Amino acid sequence: GAVVSQHPSRVICKSGTSVKIECRSLDFQATTMFWYRQFPKQSLMLMATSNEGSKATYEQGVEKDKFLINHASLTLSTLTVTSAHPEDSSFYICSFTGAGNEQYFGPGTRLTVT
Amino acid sequence: KNEVEQSPQNLTAQEGEFITINCSYSVGISALHWLQQHPGGGIVSLFMLSSGKKKHGRLIATINIQEKHSSLHITASHPRDSAVYICAVSPGGGADGLTFGKGTHLIIQP
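Protein sequences, first through last, are from chains A and B.
Residues 94 to 207 (the working numbering) make up the first sequence, in order.
Residues 343 to 452 (the working numbering) make up the second sequence, in order.
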C-alpha cells in the first residue's frame, strides 16, 4: 500500500510561535489530501481538505488564517499552525485518498504548545 | 452531518475470545472504513466497505446499508490485537474527508 510520511513526529513550541508540519506521499501522487486533528480522548475531526494547486477547503470552526495549508505538489502538503496557543496542542494527522478511494494515513504529529 | 456511534467504548477480553465491535451512522454514505489506531497515534486502515462483507486474516467486517450499521469481528483474539478500533464514514467518495466514531478501546489479556 501507499506510504505517507509526516514530519516532525513530535514538536514542542512556545506560545506565539508558528509550527510547520509536512505530509508527504512517498509512492503516490495525491490530488487531494486531508488534515485531521485529535484532542485527547476525542475522535479525529476533519480540519481541512487540501487540493493540489488550489486553496484548501476548511471545516466550520477551523480558522483558515491560523491553520495555513499549502498543497504545492502532488506529493507534499504542509500545515502551518500560526501563533500557536496551548489550546492548539493536539495530534495532527494527514491522509490522502488512493485510486480506489481507500485512505492512507500519515503517522501523525503530536504538537505541544507551552 | 453524519453521526457515527460505536459500541462498546471499552472492551477487555481474554485471549482467544471472539470480539465484536459495532458502528452505526445516521446518514447514507458511499463507504465505511474500519481503522486501527495504536498507542503512538498511528492509524492503519483495515477495511473499506460499501456493501456486504470482507475478510482479512482473523478480521471480518460487515455492513448493512439499509440499517446503517457495520460490525467488525476479530476471531481468536490475541494480545497484539489490543488497540483502538475506529469506524469512519465517507459521504461521497474520495474527495470528501471522513467522519469518525469515538473509537473502541480493546484490550486482549493473555
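Hints listed in this document are in silico derivations from the structure and should not be mistaken for laboratory results.
Watch out, some of these pointers could steer you wrong.
Said to hold, decoys possible - Taking lysine-lysine pairs in the DSS-like style, the calculated list, with each CA pair at most 30 Å apart, reads:
no. : chain 1 : residue 1 : chain 2 : residue 2
1   : B       : Lys343    : A       : Lys134
2   : A       : Lys113    : B       : Lys444
3   : B       : Lys397    : B       : Lys444
4   : B       : Lys444    : B       : Lys410
5   : B       : Lys343    : B       : Lys396
6   : B       : Lys395    : B       : Lys410
7   : A       : Lys157    : A       : Lys107
8   : A       : Lys159    : A       : Lys134
9   : A       : Lys134    : A       : Lys113
10  : B       : Lys410    : B       : Lys343
11  : A       : Lys113    : A       : Lys157
12  : B       : Lys343    : B       : Lys395
13  : A       : Lys148    : B       : Lys343
14  : A       : Lys134    : A       : Lys157
15  : A       : Lys113    : A       : Lys148
16  : B       : Lys395    : B       : Lys444
17  : B       : Lys397    : A       : Lys113
18  : A       : Lys134    : B       : Lys410
19  : A       : Lys157    : B       : Lys396
20  : B       : Lys343    : A       : Lys159
21  : B       : Lys444    : B       : Lys343
22  : B       : Lys444    : B       : Lys396
23  : B       : Lys410    : B       : Lys397
24  : B       : Lys396    : B       : Lys410
25  : A       : Lys159    : A       : Lys148
26  : A       : Lys157    : B       : Lys410
27  : B       : Lys444    : A       : Lys159
28  : A       : Lys159    : A       : Lys107
29  : A       : Lys157    : B       : Lys397
30  : A       : Lys159    : A       : Lys113
All values reported here derive from a predicted model rather than from experimental measurement.
| query | Is lysine 444 of chain B close enough to lysine 410 of chain B, meaning Cα to Cα at most 30 Å? | reply | holds (17 Å)
| request: Decide if the proposed pair is consistent with the structure: lysine 113 of chain A and lysine 157 of chain A, CA atoms, cutoff 30 Å inclusive. | output: holds (14 Å)
| query | Does the alpha-carbon distance linking lysine 134 of chain A and lysine 410 of chain B stay inside the 30 Å limit? | reply | holds (25 Å)
| field | Agreement of lysine 444 of chain B and lysine 159 of chain A with the hint, judged by alpha carbon distance not exceeding 30 Å | value | holds (26 Å)
| said: Tell me if the straight-line CA distance from lysine 157 of chain A to lysine 396 of chain B falls inside 30 Å. | reply: At roughly 39 Å apart (the allowed maximum being 30 Å), lysine 396 of chain B and lysine 157 of chain A break the hint.
| Is the Cα-Cα distance between lysine 343 of chain B and lysine 395 of chain B 30 Å or less? | holds (26 Å)
| said: Next pair to validate is lysine 159 of chain A with lysine 134 of chain A; report whether the Cα-Cα distance is within 30 Å. | reply: holds (24 Å)
| query | Given the hinted pair lysine 157 of chain A and lysine 107 of chain A, is their alpha-carbon gap at most 30 Å? | reply | Within the cut-off at roughly 21 Å; holds.
| message | Tell me if the straight-line CA distance from lysine 343 of chain B to lysine 159 of chain A falls inside 30 Å. | response | Status holds; Cα separation ~24 Å.
| Pair hint lysine 157 of chain A and lysine 397 of chain B, alpha-carbon separation not exceeding 30 Å | violated (41 Å)
| message | For a C-alpha distance cap of 30 Å, please report whether lysine 159 of chain A and lysine 148 of chain A respect it. | response | Holds: lysine 159 of chain A and lysine 148 of chain A sit about 14 Å apart, inside 30 Å.
| query | Straight-line Cα separation of lysine 113 of chain A and lysine 148 of chain A no greater than 30 Å? | reply | holds (17 Å)
Violated hints, listed in ascending order, are 17, 19, 26, 29; each of the other numbered hints is respected by the structure.
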